[in-house]
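From first to last, the protein sequence lines stand for chains H and V.
Counting from 1 along the first sequence, just add 695 to a position and that's the residue number in the working numbering.
Counting from 1 along the second sequence, just add 11 to a position and that's the residue number in the working numbering.
Worth flagging that the hints you see were computed from the coordinates, not collected in a lab.
For clarity, every value in this text was computed on a predicted model and none was experimentally measured.
A couple of the hints might just be wrong.
[Unchecked claim] Just some of the chain V residues that point at chain H, by a computed CB distance under 10 Å:
no., residue
1, Phe47
2, Phe49
3, Ser77
4, Tyr135
5, Asn139
6, His162
7, Ile165
8, Met210
9, Ile212
10, Pro215
11, Leu216
12, Ala218
13, Leu240
[As the list claims (entries may be wrong)] Covered stretches of chain V (chain H as the covering partner; in silico rule of three or more C-beta atoms under 8 Å from a C-beta of chain H):
no., segment
14, 17-26
15, 78-91
16, 173-187
17, 255-264
18, 277-285
19, 289-296
Note that the Cβ used here is the ideal one computed from N, Cα and C, for glycine as well.
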Amino acid sequence: MTGKKIGQKTNWPVTLLLFLIAAVFIFGPLYMTVVIALKSPQEMANVLALPKSIQWDNFRKAWEMTEFPKKFANTVFITFVNLGFTIVTNALASYAIERKRKKSRFFNLMYYYFISAMFIPFNVLMLPLVNQAYRFHVDNVVGITFLYVVFGMPMNTFLYTGYIRSITENLDEAAMIDGASPIQIFFKIIFPILKPMTATVAILSVMWTWNDFLMPLVLLSDKKYQTLQLAQFVFQGQFNTQYNLAFASYLLVILPVLIFYIICQKWIISGVVSGAVKQ
Amino acid sequence: MKQKKKINVYFYIMVVPMAVLFFIFHTFPFLQGVFFSFTDWKGYGDWNFVGLRNYLNIFKDKNVLSAYFFTFKFAICATVLVNVLSLALACALNTNVKGKNFLKAVYFLPYMLGTLIISYVFKYIFSNIVPMFGKAMGIEILSKNILGTTHAWIGLLIVTIWQSMAFNTLIYLSGLQTVDKGLYEAAALDGATGIKRFMKITFPLIAPFFTINMVLSGKNFLMAFDQFLAMTNGGPGTATTTISVLIYKKGFSGGQFAYQSANAVLMFVMVVLISVFQLRVLEKREEKVS
């Protein structure tokens with residue numbers, strides 16, 4: 696859009712415009728969320744003004760009302776246990792699939808089996824899944840974590856196999872001659888090389904499980920199993936017009952993500968890009 | 012050499028359990044859905060085979076047809092707008108701006124936040140902030156809550172664009188960064204600048220990134236659910252009921268398990284067809300260009 700010469704000169708009009716748009720459209724809603732969460736209902740007439748005195752009490756009330764610690768613990772459990780299991784099991788499976796695809800029809804079939812499942816949206820199988828989940832007693836926190844690990848397979852197989860393809864098989868063979876078993880080869884040699892792709896898988900997986908709403912909505916009907924996202928939905932009725940409490944509650948949910956983003960921003964951005972470009 | 016044929020049992024151990032679990036919890040429910048779509052099961056009690064009756068009824072059902080019409084209208088508008096705006100934003104970010112990394116991080120922020128919470132925040136903006144400004148400035152159309160009117164879908168479109176632009180912009184930007192700056196200088200010598208340069212040089216080079224974005228956004232918007240449930244719950248009336256919302260509402264509590272399963276299968280077929288179609292068309296265009 697510069698049109699003119701491409702030099703190293705700063706393009707001030709575009710810079711200014713971009714900062715202005717960011718201020719209004721990104722920081723605007725964020726500012727509003729913070730301000731509402733910090734003020735009292737009496738001050739809501741002047742919604743966008745700064746609060747006269749900060750109402751930390753909103754957070755305490757929202758905390759108690761939504762049973763934040765319980766929901767937070769559930770969400771953290773789902774997110775991190777899923778993360779650990781996903782990385783190990785999905786990478787292992789992808790390794791076996793990719794290495795044996797050319798030699799065995801079975802592994803080639805597995806490859807297409809998982810990859811083609813990427814086309815099946817969750818919404819399409821959610822009705823029967825709920826019955827199945829009930830039958831296998833996975834309609835709880837541990838169960839849904841397990842389901843996330845399984846449901847991540849298509850996407851992660853796709854990401855991992857693409858990366859494993861680029862690792863020369865000579866490495867495996869050399870280790871095999873030294874007497875290492877396939878499992879040892881994977882953990883000692885392949886897994887460390889997979890690190891960049893593991894970062895991508897980890898970020899996508901964390902974002903998915905932390906922010907997911909639909910799967911908890913249909914599977915976690917018991918109050919004690921609710922996640923943070925689901926709790927926001929469930930408590931809409933109780934928040935009613937108590938916007939200060941509602942926004943304090945939203946802020947409590949997005950704060951961990953914001954902190955995570957501020958710290959790992961570079962990794963997250965490059966992880967998401969390499970995940971998407973692989974597709 | 013002989014060993015090559017024999018595959019170590021460990022490789023099977025790495026895959027088979029995962030495949031079995033995937034079959035039980037993913038493939039089997041999917042097949043079950045397909046199976047029950049040919050029955051009259053309510054989600055409980057007895058059932059009978061009804062052949063294609065559910066599928067035929069879908070095409071006579073005003074609720075379902077309007078949900079399909081609405082979902083497509085929404086998905087097309089959102090896909091086009093998100094991609095046009097993201098591309099423009101990415102181009103702007105790709106110029107020599109100050110604080111580029113900071114801006115890039117800020118514009119990517121919406122991707123990090125859950126759709127549900129974004130929807131609640133925007134619901135408040137539409138119901139309180141926008142009308143406040145609308146009244147203050149005397150603009151009639153802005154002074155009432157758009158989510159309560161027949162234009163509710165525009166509010167949903169805005170939220171969807173707001174969130175989806177983050178991802179699409181990032182992808183376009185990473186595409187633009189692969190373009191060799193030397194090409195621009197060569198183009199400038201030939202007198203190609205501005206829009207012409209963009210159409211003739213930049214765009215063809217980032218075509219693969221365009222394909223990724225079109226396919227992913229198309230699929231996501233056809234599935235849109237969270238923002239609809241949070242902001243309008245499909246209303247007012249059924250004005251903003253997407254296919255996903257319809258399946259959720261009627262399938263779980265409306266006693267229409269089999270009927271909505273047929274609806275889900277139909278949606279699945281459409282998503283696959285559209286994705287494949289998009290990939291074919293866009294990749295063919297990529298080839299022609301390069």
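Consistency of the hints with the structure:
no.: 1; hint: Phe47; verdict: 7 Å, holds
no.: 2; hint: Phe49; verdict: 13 Å, violated
no.: 3; hint: Ser77; verdict: 18 Å, violated
no.: 4; hint: Tyr135; verdict: 7 Å, holds
no.: 5; hint: Asn139; verdict: 7 Å, holds
no.: 6; hint: His162; verdict: 20 Å, violated
no.: 7; hint: Ile165; verdict: 16 Å, violated
no.: 8; hint: Met210; verdict: 13 Å, violated
no.: 9; hint: Ile212; verdict: 12 Å, violated
no.: 10; hint: Pro215; verdict: 17 Å, violated
no.: 11; hint: Leu216; verdict: 14 Å, violated
no.: 12; hint: Ala218; verdict: 13 Å, violated
no.: 13; hint: Leu240; verdict: 8 Å, holds
no.: 14; hint: 17-26; verdict: holds (count 7)
no.: 15; hint: 78-91; verdict: violated (count 0)
no.: 16; hint: 173-187; verdict: holds (count 5)
no.: 17; hint: 255-264; verdict: holds (count 5)
no.: 18; hint: 277-285; verdict: holds (count 4)
no.: 19; hint: 289-296; verdict: violated (count 0)
Hint check: violations occur at hints 2, 3, 6, 7, 8, 9, 10, 11, 12, 15 and 19; the rest are consistent with the structure.
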